[in-house]
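Peer 1: With chain A fixed as given, assemble chain B onto it according to the hints.
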Amino acid sequence: MNPIAADLKSADMDTPRKPKVRIATTSLAGCFGCHMSFLDIDERLVALLELVEFDRSPLTDIKVCGPCEIGIIEGGVCNAENVHVLRTFREQCTTLVAIGACAINGGLPAQRNHLPLATLLQEVYTTRPGLAHGGIPNDPELPLPLHKVHPLHEVVKVDYFIPGCPPSAEVIWTFLSDLLAGRAPASDRRTIHFD
Amino acid sequence: MSQNLETAANPGPLRRIAIDPLSRVEGHGKVTILVDEANRIHQVRLHIVEFRGFERFIVGRPYWEVPVMVQRLCGICPVSHHLAASKALDVVVGARRLTRSAQMLRRLMHYGQILQSHALHFFYLASPDLLFGFDSEVSRRNIVGVATAHSDTARRGILLRKFGQEVIRITAGKRVHGTGSIPGGVNKAVTAAERDLLLQNIYEIIAWSRDAVALVKRLHNQHPALYNSFGAFRSKILSLVGRDGNMDLYDGVLRARDENGAILFDGVEPDQYLDIIEEQVKPWSYMKFPYLRALGADKGWYRVGPLSRVQNCDSIPTPLAEIERREFMDYSGAMPLHAPLAYHWARMIEMLHAAETIKDLLHDPAILGGDLVVQGARTSSGIGVIEAPRGTLIHHYGVDENDLVTMCNLIVSTTHNNQVMNEAVREVARRYLDGREINEGLLNHIEVVIRAFDPCLSCATHALGKMPLVVELRTLEGDLIDSRARD
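Chains A and B supply the protein sequences, listed in that same order.
To convert, note that position 130 of the first sequence is 129 in numbering that gives the first Met the number 0; the numbers rise steadily by one, no gaps.
To convert, note that position 106 of the second sequence is 105 in numbering that gives the first Met the number 0; the numbers rise steadily by one, no gaps.
I should point out that these hints are in silico values taken from the structure, not numbers from a laboratory.
The structure displayed is predicted, hence computed values, not measured ones.
Incorrect hints may appear among the rest.
Said to hold, decoys possible - Derived contacts from chain A toward chain B, CB cut-off under 7 Å, selection only:
no., residue
1, Ser36
2, Asp39
3, Val45
4, Glu122
5, Tyr124
6, Pro128
7, Leu130
8, Ala131
9, Gly133
10, His146
11, Pro165
To be verified - With beta-carbon atoms standing in for the labels, derived distance ranges:
no., chain 1, residue 1, chain 2, residue 2, range
12, B, Ala213, A, Asp194, 37 to 43 Å
13, B, Arg233, A, Asp41, 39 to 45 Å
14, B, Arg242, A, Lys156, 56 to 62 Å
15, A, Gly134, B, Ala192, 51 to 57 Å
Don't be surprised by glycine CBs; every beta carbon is placed ideally from N, CA and C.
Here chain A stands alone, though its shape is the one from the complex (with noise of 0.2 Å):
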């Protein structure tokens, strides 16, 4: 029996029940597919949401991560939005885990951080084929980009990594049922991979 499953049946015949464990999510400058890959523990969400509850996450419509257990972020750091939201989950979360290439070290978006932010900006927003009216837009509304993009770590501490592009569900699965049992994370090293 998975270790989610076997907290779920004592949970069930001890009285009253154990408060839920809250969790936030968000992605920064990622792509989503980590946040695929967490969803990929297929039917064992169910089990999982007996134990557990979400605050802010692109699940529900809560806008601003409050007090919660567990913050789980994918993604780097691109722009000022990110550094804003990136410090509300430390601030608001127990246990802060990086989760992804992009979380761990900028991934795939960091390949910018070789060419300077303005030549970007000019060349994907005025010199593009099938372009008639160009322009970097620079609206108030649109958060500040940074001239690079940053690894969390290097904003804000982070508690646990969880590498892969994305991970697989085994991993996230396993992490999370050691997590949520009180036990250190450990994960089989045959499971982790890094693409």
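Peer 2: For chain B alone, coordinates are given in the frame of chain A:
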């Protein structure tokens, strides 16, 4: 109240309301609304706040890296980018015609993608609004609420998505960001054991997809006035159709219709896209605004995705989905159905079509082996167009004699819908928010109409109020590692 609501005449004294971030959509964006003291609405904008620069940093990379690099644009429809890039690079490596096995394997991968993405969108993201009501309580308006109140619906949604993801894993190597497609073909066939695994479930998947169409029809028929009018406005439509005019989501020619359903153009080869589509930039969004070149920016904007495709094709080449298409067309009558909420109906018809197509492909022995890759005379540029879950996806590359990319232009599905999504939120704002005390439930109406388009906005984030004019990024030790000031 100004007529088109894009730009307020005098924004100074107006109050700003933001929906930030948009939730239960793929990716991040925000909506800002400017209202006066009487809560009359003067401006509504859907902003895409991300900038990543893929089109530029792909330049200088070896072309064979591109199909695996560009799929990192999106973790929800990575297969679409993987295949659109592969199709463009087929041209570059001179693979004018792929082997039958390669074509069928790519199609299998693609229809697996359509199935999983449509299931994800409907069951995990959009269904809470439709099942519980647009202004139902926030704590319940999510997949957890659906799993509690409609456990069988949620379970089937999870298993439909799982099946699509398994099709992708088996054809591409892994569920998210696989490597199965390469310039000139594919690098992997399906084994008989893998095929049999999928065949075990496919008939149940088809049955559940039919039930999903029935569920959306039932929702539509319970509140026809709402579903037919919510956020509705007339627009042109664009999609690929097969060379025979039937629905084909992997390959075909471009066809567009006007607001009344009359053909604007048909049979346009995808590599002529620059002749028919032009883009403009607006300073308040990182997403460009495309339009039909012949009609200009003011009149040429158009809609893509399931609602366009189901009404643009002559028929759907699988029997159960074709029955549903005919019922949809009978319902809409002589005029096209423009209502955004009808996207859900069309999307579920496409999910059924994807399930039926997967069944047919699983019975095709070509997927089990044979020649997988072809090459021919090298060329210096290639254009690949595919119908991604959210609409027409265009990839265009130039490659030099050293195999390095010299140019990359992408028009992703959601970009085509930029103007229509802005029109839709303005329509909803006019009808439901104007002059009223705005609360969370009313603001969710704006998000409901955006969700109908199933936008894929990717990355970016959250902020309340204007961002500071200067941002400094320091390490935990206090060292300055990045800073930017707004010019």
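Peer 1: Take the hints in turn and mark each one as holding or not.
Peer 2: Status of the hints after comparison with the structure:
| no. | hint | result |
| --- | --- | --- |
| 1 | Ser36 | holds (5 Å) |
| 2 | Asp39 | holds (5 Å) |
| 3 | Val45 | holds (6 Å) |
| 4 | Glu122 | holds (5 Å) |
| 5 | Tyr124 | holds (5 Å) |
| 6 | Pro128 | holds (5 Å) |
| 7 | Leu130 | holds (5 Å) |
| 8 | Ala131 | holds (5 Å) |
| 9 | Gly133 | holds (6 Å) |
| 10 | His146 | holds (5 Å) |
| 11 | Pro165 | holds (5 Å) |
| 12 | Ala213/B x Asp194/A: 37 to 43 Å | holds (41 Å) |
| 13 | Arg233/B x Asp41/A: 39 to 45 Å | holds (41 Å) |
| 14 | Arg242/B x Lys156/A: 56 to 62 Å | holds (57 Å) |
| 15 | Gly134/A x Ala192/B: 51 to 57 Å | holds (55 Å) |
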